[in-house]
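Enquirer: Listed here are the chains, written in short residue letters.
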Amino acid sequence: MSSERELFRTDDSQVLTETRDARMSGQGDRFNSKLREAFGSSPFILTKFDKFMNWVRGSSMFMLQFGIACCSIEMMHTYAVKHDLDRFHAGVPRASPRQADVMIVPGTIVSKFAPRMKRVYDQMPEPKFVVGMGSCTISGGPFQEGYNVIKGAEEVIPVDIHVPGCPPRPEALVYGVAKLQERIANGEAAPVTVKPYELEQFGDLERDEIVDELASEIDEEDLVMRYNWADSP
Amino acid sequence: MSLQEESETPEIESGETELEALLDDLIVDTDDHENAPAFVIRPDTVQETLGRLKNEAGYDHLSLVTAEEYPDRYESIYHLKKFDDPTDEVSIVVPTDSENPVSESAEPVFRTADWHEREAYDLVGIEYDDHPDLRRILLPETWQGHPMGLDYDQDRPQMVPLRENANPLQDDHRSDADSDTMFVNIGPHHPATHGVLHLETTLDGEQVVDVEPDIGYLHRNEEQMAQNGTYRHQIMPYPDRWDYISAGLLNEWAYARAAEDLADIEVPEYAQIIRTMGAELCRIAAHMLAVGTFALDIYGDFTAIFMYAIRDREKAQNILEDLTGQRLMFNYFRLGGVVWDLPEPREEFFEKVRTFVNEIPDALEEYHDLITSNEILQMRTVGTGILPEEVAKNYGATGPVARGSGIDYDIRRDDPYGYYDELDWEVPVEDGCDNFSRLLVRMREVEESAKIIEQCVDLLEDWPEDERNIQANVPRTLRPDDDKEIYRTVEGAKGELGVYIRADGTEKPARFKIRSPCFSNLQTLPEMSNGEYIPDMIAALGSLDIVLGEVDR
Ligand code: SF4
Numbered sequence: 002m003s004s005e006r007e008l009f010r011t012d013d014s015q016v017l018t019e020t021r022d023a024r025m026s027g028q029g030d031r032f033n034s035k036l037r038e039a040f041g042s043s044p045f046i047l048t049k050f051d052k053f054m055n056w057v058r059g060s061s062m063f064m065l066q067f068g069i070a071c072c073s074i075e076m077m078h079t080y081a082v083k084h085d086l087d088r089f090h091a092g093v094p095r096a097s098p099r100q101a102d103v104m105i106v107p108g109t110i111v112s113k114f115a116p117r118m119k120r121v122y123d124q125m126p127e128p129k130f131v132v133g134m135g136s137c138t139i140s141g142g143p144f145q146e147g148y149n150v151i152k153g154a155e156e157v158i159p160v161d162i163h164v165p166g167c168p169p170r171p172e173a174l175v176y177g178v179a180k181l182q183e184r185i186a187n188g189e190a191a192p193v194t195v196k197p198y199e200l201e202q203f204g205d206l207e208r209d210e211i212v213d214e215l216a217s218e219i220d221e222e223d224l225v226m227r228y229n230w231a232d233s234p
Numbered sequence: 005m006s007l008q009e010e011s012e013t014p015e016i017e018s019g020e021t022e023l024e025a026l027l028d029d030l031i032v033d034t035d036d037h038e039n040a041p042a043f044v045i046r047p048d049t050v051q052e053t054l055g056r057l058k059n060e061a062g063y064d065h066l067s068l069v070t071a072e073e074y075p076d077r078y079e080s081i082y083h084l085k086k087f088d089d090p091t092d093e094v095s096i097v098v099p100t101d102s103e104n105p106v107s108e109s110a111e112p113v114f115r116t117a118d119w120h121e122r123e124a125y126d127l128v129g130i131e132y133d134d135h136p137d138l139r140r141i142l143l144p145e146t147w148q149g150h151p152m153g154l155d156y157d158q159d160r161p162q163m164v165p166l167r168e169n170a171n172p173l174q175d176d177h178r179s180d181a182d183s184d185t186m187f188v189n190i191g192p193h194h195p196a197t198h199g200v201l202h203l204e205t206t207l208d209g210e211q212v213v214d215v216e217p218d219i220g221y222l223h224r225n226e227e228q229m230a231q232n233g234t235y236r237h238q239i240m241p242y243p244d245r246w247d248y249i250s251a252g253l254l255n256e257w258a259y260a261r262a263a264e265d266l267a268d269i270e271v272p273e274y275a276q277i278i279r280t281m282g283a284e285l286c287r288i289a290a291h292m293l294a295v296g297t298f299a300l301d302i303y304g305d306f307t308a309i310f311m312y313a314i315r316d317r318e319k320a321q322n323i324l325e326d327l328t329g330q331r332l333m334f335n336y337f338r339l340g341g342v343v344w345d346l347p348e349p350r351e352e353f354f355e356k357v358r359t360f361v362n363e364i365p366d367a368l369e370e371y372h373d374l375i376t377s378n379e380i381l382q383m384r385t386v387g388t389g390i391l392p393e394e395v396a397k398n399y400g401a402t403g404p405v406a407r408g409s410g411i412d413y414d415i416r417r418d419d420p421y422g423y424y425d426e427l428d429w430e431v432p433v434e435d436g437c438d439n440f441s442r443l444l445v446r447m448r449e450v451e452e453s454a455k456i457i458e459q460c461v462d463l464l465e466d467w468p469e470d471e472r473n474i475q476a477n478v479p480r481t482l483r484p485d486d487d488k489e490i491y492r493t494v495e496g497a498k499g500e501l502g503v504y505i506r507a508d509g510t511e512k513p514a515r516f517k518i519r520s521p522c523f524s525n526l527q528t529l530p531e532m533s534n535g536e537y538i539p540d541m542i543a544a545l546g547s548l549d550i551v552l553g554e555v556d557r
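Protein sequences appear in the order of chains A and B. Each residue of the first sequence is one higher than the last, beginning at 2 in this note's numbering. Each residue of the second sequence is one higher than the last, beginning at 5 in this note's numbering.
Don't read these hints as lab results, they were simulated from the structure. Any given hint might turn out to be false.
[What the hints assert, rightly or not] Listed next, the stretches of chain A that the computed footprint assigns to chain B, with coverage defined by at least 3 CB atoms under 8 Å from CB atoms of chain B: (1) 67 to 78; (2) 81 to 87; (3) 110 to 118; (4) 142 to 150.
[Said to hold, decoys possible] Label pairs and their in silico Cβ distance ranges: (5) A:Gln100 with B:Glu451: 34 to 42 Å; (6) B:Thr481 with A:Arg120: 43 to 51 Å; (7) A:Glu201 with B:Glu103: 33 to 41 Å; (8) B:Gly509 with A:Glu183: 54 to 62 Å; (9) B:Asp208 with A:Lys49: 53 to 61 Å; (10) B:Gln158 with A:Val93: 36 to 44 Å.
The beta carbon of each residue, even a glycine, is placed where N, CA and C say it ideally should be.
Given these sequences and hints, build the entire structure.
Expert: Spelled out as structure tokens, the structure:
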């Protein structure tokens with residue numbers, strides 16, 4: 002419990018965490034600029050500038066207009082009147098991933114959609130952030146035991162903030178977004194997680210039974226996503 | 005509900021003999037489904053049988069095709085109805101052997117069978133002879149095995165390629181070197197597709213030559229989930245997630261109706277009224293979103309209409325939250341009634357509902373000002389997306405889509421359940437067959453729903469305090485008799501929503517099949533938009549008001 006709370010501490014002195022160290026050393030780096038490379042790790046001016054930039058990033062987030070399943074209905078309510086996410090510097094839904102900073106993943110991800118979602122995520126410019134909305138993006142939610150549902154968005158793309166609920170109330174989503182802003186402003190972002198469902202070129206895949214079976218159907222150049230259902234949590 | 009069944013029985017019986025005479029040489033065996041007589045036929049006489057039933061006996065609505073695997077055979081069941089009288093049903097059962105499950109396709113008789121049979125092939129593994137395009141529909145093309153089959157191994161790895169989504173602007177996406185057509189992918193991530201729908205579109209200039217909906221991006225194995233749950237409590241949460249646009253109670257009713265009839269549960273009158281009221285509140289919320297997003301599609305209006313629609317939805321959701329405790333996934337129905345009574349203090353709740361209902365005419369006035377009397381919208385919607393009545397019937401279109409094409413068909417009135425037949429309301433029908441008519445039908449339905457709610461509130465208010473019975477006595481574990489089969493439908497927000505259940509004597513259904521109205525409605529999209537401009541196709545798609553959770557299930 003207490004260690005979890007630690008994670009969301011807003012006190013500036015506490016935010017130099019492992020994640021940040023990893024980022025500074027180039028691992029999982031989502032902020033590093035050419036400028037920073039030229040100046041070395043943390044000269045005073047750039048540190049201040051970084052702070053400023055992070056604050057700017059957190060205060061003007063363009064959201065990707067991305068509807069998947071039931072949670073997207075509540076997401077729409079969050080954008081619209083009454084809850085009005087705009088008030089929190091995070092309202093403008095962008096239809097194109099190339100203009101978006103934040104992707105809210107609102108719903109269940111199934112086998113056919115996972116590669117598309119990865120593609121959309123890859124198309125977003127850095128730095129980018131992901132808010133997982135609903136139980137489905139945490140574990141597959143109510144469909145966890147199904148034959149076609151990915152057990153959480155984290156299997157496919159890294160997620161910064163999870164908002165639990167089925168669906169979460171708009172207030173909860175606003176809270177999640179506010180937390181994300183807080184973390185961005187503090188220079189915190191989730192480490193890039195391991196992705197078991199990596200897209201691979203078909204030709205490079207290790208030959209096994211299923212690969213052999215599909216060899217005639219799939220082009221060598223195609224990107225494929227492989228689901229090892231037995232191993233996923 | 006059993007009352008109404010009694011009144012049905014003689015009718016069916018008289019029909020049954022006639023049908024037997026009509027199909028005399030084709031019937032191999034008869035079966036008895038709870039809802040209708042069932043005839044078993046040979047797999048090579050499907051077209052003949054369905055053709056006779058359609059042309060000579062008037063069964064013009066193929067509501068659902070259910071496929072299932074038994075240890076010794078496969079079975080496809082064609083559930084037929086009449087658009088004139090949905091209580092007049094007949095089921096055609098087509099067994100095929102398990103070694104070589106091939107059966108004749110019904111597609112030449114009913115266009116709608118196309119997708120239904122593709123789904124049966126995809127999930128269960130029955131092959132249909134003479135089918136125009138037997139491919140997987142919900143699962144990726146490279147999927148191994150048929151997941152609703154008996155020996156499917158859920159743990160085996162699967163692979164999904166990403167080839168369909170290549171960049172449409174590349175040269176090689178012209179359909180062939182010197183033609184003028186171009187191939188464009190719309191979706192699965194595109195704001196105009198209302199979710200994760202993928203439209204494979206071939207364009208000639210700005211006109212649509214061919215559009216093919218590619219679905220399955222939200223196939224959440226709802227049927228498997230229902231088959232893994234126990235009747236009493238574990239299935240009810242899932243219907244909320246079929247049509248998730250606040251239509252939860254309408255969907256729950258589909259399951260409740262089927263399961264209650266299956267287990268002979270009588271729902272107390274008081275609970276029926278609460279159900280009716282809640283369901284109509286859901287319908288208003290669902291139609292509001294349909295109207296709002298339609299305006300969004302037509303003139304990209306993210307401001308006034310969409311926000312107004314959301315505002316009115318919020319009001320409906322607030323009431324539903326008071327009633328059920330949730331904003332979206334209500335889980336409020338129980339077999340035999342509802343989970344709890346109206347919230348206290350009751351007067352305050354009634355007051356709230358009344359205020360909401362009384363505001364509806366004014367709100368609609370506002371919408372009509374903004375939408376239907378707007379010249380731009382009229383230009384975009386009147387006379388576009390034409391869906392003639394016969395075509396709509398052939399595709400099994402229901403709900404506002406059918407009613408916008410002049411088909412006077414509403415399960416609430418024609419096959420009454422709940423408290424609808426005691427109340428005073430009308431079924432709006434428009435015969436323009438275009439996008440505008442479908443919009444008008446939805447807006448008029450909101451008005452009718454408001455009427456229904458008002459009457460329900462009046463009834464509930466005067467209900468004697470000691471007769472507020474919200475739940476029938478239902479055993480803790482339900483075990484309907486072995487081999488009992490039932491197919492029941494209700495009027496969901498998008499049309500005829502049905503559930504087929506086969507019981508096997510245990511506490512879980514052996515087969516649970518969902519008839520989704522959007523699945524059939526979406527199938528009409530090519531009919532409406534081939535040869536039209538792209539913007540008209542988008543308008544047509546918007547007017548269908550699909551929700552992918554229900555299309556894919
Ligand atoms: S978490 Fe619940 S509400 Fe959200 S997408 Fe999943 S099932 Fe739907």
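Enquirer: Checked against the structure, which of the hints given earlier come out wrong?
Expert: none
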